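Undergrad: Given only the sequences and the hints, what does the whole structure look like? Please build it.
1 is the number of the first residue of the sequence shown in full-length UniProt numbering; add one for each residue after it.
There could be a bad hint or two in this list.
[Said to hold, decoys possible] Distance ranges between label pairs, derived from CB positions:
(1) 372 to 537: 20 to 30 Å
(2) 520 to 464: 27 to 37 Å
(3) 369 to 29: 32 to 42 Å
(4) 561 to 287: 33 to 43 Å
(5) 447 to 155: 49 to 59 Å
(6) 800 to 270: 49 to 59 Å
(7) 768 to 444: 28 to 38 Å
(8) 502 to 415: 45 to 55 Å
(9) 495 to 227: 47 to 57 Å
(10) 501 to 528: 36 to 46 Å
(11) 741 to 648: 25 to 35 Å
[Unchecked claim] Computed list of lysine to any residue pairs in SDA-like fashion (alpha-carbon distance at most 25 Å, straight line):
(12) 256 to 222
(13) 150 to 71
(14) 526 to 640
(15) 150 to 98
(16) 730 to 332
(17) 354 to 819
(18) 93 to 182
(19) 558 to 569
(20) 256 to 83
(21) 86 to 193
(22) 93 to 174
(23) 354 to 773
(24) 606 to 580
(25) 558 to 452
(26) 256 to 822
(27) 558 to 441
Just so you know, the hints here were simulated from the structure itself, not pulled from any lab data. Note that the structure is predicted; figures quoted are calculated from it, not measured. For glycine and all other residues, C-beta sits at the position ideal for the given N, C-alpha and C.
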Amino acid sequence: MSTVCHLIFVYGTLQRGENDYPYWLADEAEAVFVARARTVSRYPFFVNLPPDHSECLPCVLNFPDCNVSGCAQVEGEVYLVSAKMKAWLDVLKDIAGGTHVSVPTPVELCEAPSASFRARGGSTAASLTWPGTVAGEAVTVTAALYFSAKGYPEDWSSPTPRSSSRLISKFSVASMLRLYGDRFNGGVPAHLRETRNSAKAKVMQAELNALPEAYWPPSTIAYRAATAKARAAQADEEHTSDTPLIPCYGAPLFPKPMILFIIDGIGDNTYRELGGRTPLEVVAGVPVLPRCEYSPARESALAHSLSVTEEMLVDSAAAGAALCETVNEHVTPGINVVTRHGVSGLMDPYMAGKSCGSDTAHLSIFGYPPTTYYRGRGAYEALGAGLELEDEDVAFKGNFSTFADRTEELWGDEDPALEAKAVLSTSSAHQYVTHRRCDRDFAAEGPVLCNDLNGTTVATDLHGIPFEYPHTIKMLYATEHRCGVALSGARRVVRADGSSEVLGMLSDKITGTDPLMDGQLLLHCKPTVGEGHPEYAAAAYTCRLVEAASAVLTRRLKAHPVNEARRQHNRAVAARLADEAGTSGSNTVARKNVANLVLFRGAAKKGWVPTFVVRHGLHGLILAPTCIIKGLGICCGLRGEVCHACDPTGQESLRGATGDYHSDLMVKVRAALHALRIECPSSHEAAVTAALQSTATTAQQASRIIDPQYNFVVIHVKGVDNAGHDRNLKLKLEMLRRSGLAMEALWSALPAGATMAVIADHSTPLGLGDHCCEPVPVSVAVKRATSDGALSAFPIDGVEYYSEMMVASGALGRFRGDELIPLMKRVHHHYHYV
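TA: Structure follows, in structure tokens:
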């Protein structure tokens, strides 16, 4: 452990939880948090907001107590750091280039020194003079403060500055984003910025390399290893200025990883037949308290409602025995691994008492207020499916569905009685949706249909009136019955005389056509704004387009060979049933629904969302085969690429992780470990060498190939939620069991210092079959370097089981979803919060 001997005062992006903190100060050996503090004098403090966004940073000028209105005592934090850390900070602040100057400055502590500071020697640290405490007086110390010396705007002192914020006393990324939106880039670390900023990372790395070898940060060690590898791989290649030889990093620390394991729809109710426990408690192994014995006199309504196998319903005694056996075989203590090693609590994904969809819940959990950033499910589903959206396109979450078609013989539904009843009870002007999901097992037919329907043009509305130009339908298969759908947006047309006009302006302020329940009429698309709204005309135009697109797709689907094959299958099933009438022991094949309708839901344009690295200072990856979750993550700036060298297309890394009941969760575990470069497949080194040998590989690409530098990974498990919607107890227990095995394997492989959290985005009780407003269980733990992998320094709250009720007694209490990421960061860097 290094000797800490320099007091520094930091503000802005270097404070705990802010963007640069994980890459510079978040090191237990090199930096010790002392206390929150503020400057004794008043200084000009503002946020630099240049138009090109290249250097958007908080700035303090060394003009103590200057006569400018708005100057204030700057609030920040005092750290005791090693000589190595001080050298790294000097590089970050470009002391050599004169961008900042480091000046000893009097600051007063706002609280008592931290326990971790006292444990590391406190005032006895080398070269540190610590003042005695006088009752009733603030403790004042002298700490190095980094003042901006150049590069700040000249109008900073203006009452209405254009290139900076007004003068402030404290800073947070969240508040700046609320105030300035996309003008604020959060001071993102140089090595994580866009390719055009990689030159700054190279300069920073060169300066880090010039430090004495004892001061070399991990980035320099990795940089030199990458350099050697690149030179060996590219020794015989000629390079131009566009393809530099050496990749660049530009940051001294590669923070230990954080894993967010999301089990969709995990929460449930207690059931008497499960011993007064929830399905999660059964898998976690929570004891049966009080004991609830099975009563043969009571009919097992649970078994019926949860679709437990028919064999279990032969008689009540057999049902009870079979249910007990099913329960016992799914007990998986691995689902408790994070809970046992950390702290737990309850979380309201959006807000207390509010049920919500997965998209709203995830947006809140990722730290983006849905009331500000939510536009609709459509853009998330489309982006997650892989559709490329233009800014003016309107996207939808699409379902391949089934309606009772009066123009066809009754061969299009798995339930002929329901189909006949629907046809008789509705007029020809309406479409009765018998099944919102035509078939969950649609992985073979779905891509075929999407491929054939993609590019369909819609030239006129239902009345034959031409649109302003022929709009195009974009479609891409997602999972199961789902697809991403988008309608091409406004197009600028240049006329012969040089003038131009925007045609076909669309709006996402419309309703969808999805009735949200089986056995309901197809809805008509309507504007969600009144006639006086500026977007009303575009919304009304878009509604006409959606209705026309729905009709065009239905015409093409009805004639498609996929659906004709399903009708033929249903005819064959009917004939077999007729032949087997009166016989016993028949084993017929079920009928299939035809996909003769696409439901449109959640209209949305892309919109703007601050990237995850700007919002949280974390460089993240999302592993979610479910397109709406993957697309939402992509919208927030999470990447979906595990390893560009091993999987350039991004399709192979998650093969087998399907997002349904057949999903192989261990595929996601291996992908996470591969992306974090903890455990790579045997082919990884050869793939990296081949990629580096390519003359098309740039320095920035080479850096990402060698190490994408992820420090945050989201793993999403969908099957548990599906089982809740399907009211299937056995499948919910099975998916929870597999989730527990995946969690245990992931925890075992993570290095010391890594943090893992397990949560749900909402509860989907079996008895309800839909989302509800109950809070969800949360556990967060840091893996420590001890013989048994338990925590040695971070407190454990003693909760043993990951369950809806047991975690209620945990140390985290109850909180909202938008507090999760900051909480994870505090737990991860707990040594600076003690």
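Undergrad: Confirm or reject each hint.
TA: Hints, verified against the model:
1. Here the CB-CB span from residue 372 to residue 537 is close to 26 Å, well matched to the stated 20 to 30 Å.
2. Distance hint check: the CB atoms of residue 520 and residue 464 are about 28 Å apart, consistent with the given range 27 to 37 Å.
3. A C-beta distance of roughly 37 Å is found between residue 369 and residue 29, which places it inside the suggested range of 32 to 42 Å.
4. Taken as a hint, the range 33 to 43 Å is violated for the pair residue 561 and residue 287, whose Cβ atoms sit roughly 56 Å apart.
5. Separated by about 56 Å at the C-beta atoms, residue 447 and residue 155 satisfy the suggested range of 49 to 59 Å.
6. Distance hint check: the CB atoms of residue 800 and residue 270 are about 18 Å apart, inconsistent with the given range 49 to 59 Å.
7. Taking 28 to 38 Å as the suggested C-beta distance range, the pair residue 768 and residue 444 conforms, at roughly 32 Å.
8. Restraint check, residue 502 to residue 415: a C-beta distance of roughly 48 Å satisfies the suggested window 45 to 55 Å.
9. At about 56 Å, the beta-carbon gap between residue 495 and residue 227 stays in the expected band of 47 to 57 Å.
10. In this structure the hint that residue 501 and residue 528 lie 36 to 46 Å apart at CB is violated, the actual value being about 27 Å.
11. A beta carbon spacing of about 30 Å between residue 741 and residue 648 agrees with the range 25 to 35 Å that was offered as a hint.
12. Restraint check: the Cα-Cα separation between residue 256 and residue 222 comes to about 15 Å, which is no more than 25 Å; the hinted pair holds.
13. Under the criterion of a C-alpha separation no larger than 25 Å, the hint pairing residue 150 with residue 71 is consistent with the structure, at around 19 Å.
14. The hinted pair formed by residue 526 and residue 640 fails the criterion: a straight-line CA distance of about 35 Å is larger than 25 Å.
15. The hinted pair formed by residue 150 and residue 98 meets the criterion: a straight-line CA distance of about 7 Å does not exceed 25 Å.
16. At most 25 Å may separate the alpha-carbon atoms for a hinted pair to count; residue 730 and residue 332 meet this at roughly 14 Å.
17. Of the pairs offered as hints, the one joining residue 354 and residue 819 holds, with about 16 Å between alpha carbons and a cut-off of 25 Å not exceeded.
18. Taken as a hint, the residue 93 and residue 182 pair is honoured in the structure, with Cα atoms around 24 Å apart against an allowance of 25 Å.
19. In summary, the hint linking residue 558 to residue 569 is supported, as the alpha carbons are separated by about 15 Å, within the 25 Å threshold.
20. For the given pair, residue 256 sits about 22 Å from residue 83 by alpha-carbon distance, which is consistent with the 25 Å threshold.
21. For the given pair, residue 86 sits about 23 Å from residue 193 by alpha-carbon distance, which is consistent with the 25 Å threshold.
22. Taking the CA atoms of residue 93 and residue 174, the gap is about 22 Å. The hint holds against a cut of 25 Å.
23. Simply put, residue 354 and residue 773 have alpha-carbon atoms about 5 Å apart, close enough for the 25 Å limit, and the pair holds.
24. The suggested pairing of residue 606 with residue 580 is violated, with an alpha-carbon distance near 55 Å, which exceeds 25 Å.
25. Between residue 558 and residue 452 the alpha-carbon distance is near 13 Å, which keeps this suggested pair within the 25 Å criterion.
26. For a cut-off of 25 Å, the pair hint linking residue 256 to residue 822 stands: about 16 Å separates their Cα positions.
27. For the suggested pair residue 558 and residue 441, the alpha carbons sit about 19 Å apart, so the restraint of at most 25 Å is met.
Going through the hint list in order, the structure does not satisfy hints 4, 6, 10, 14 and 24.
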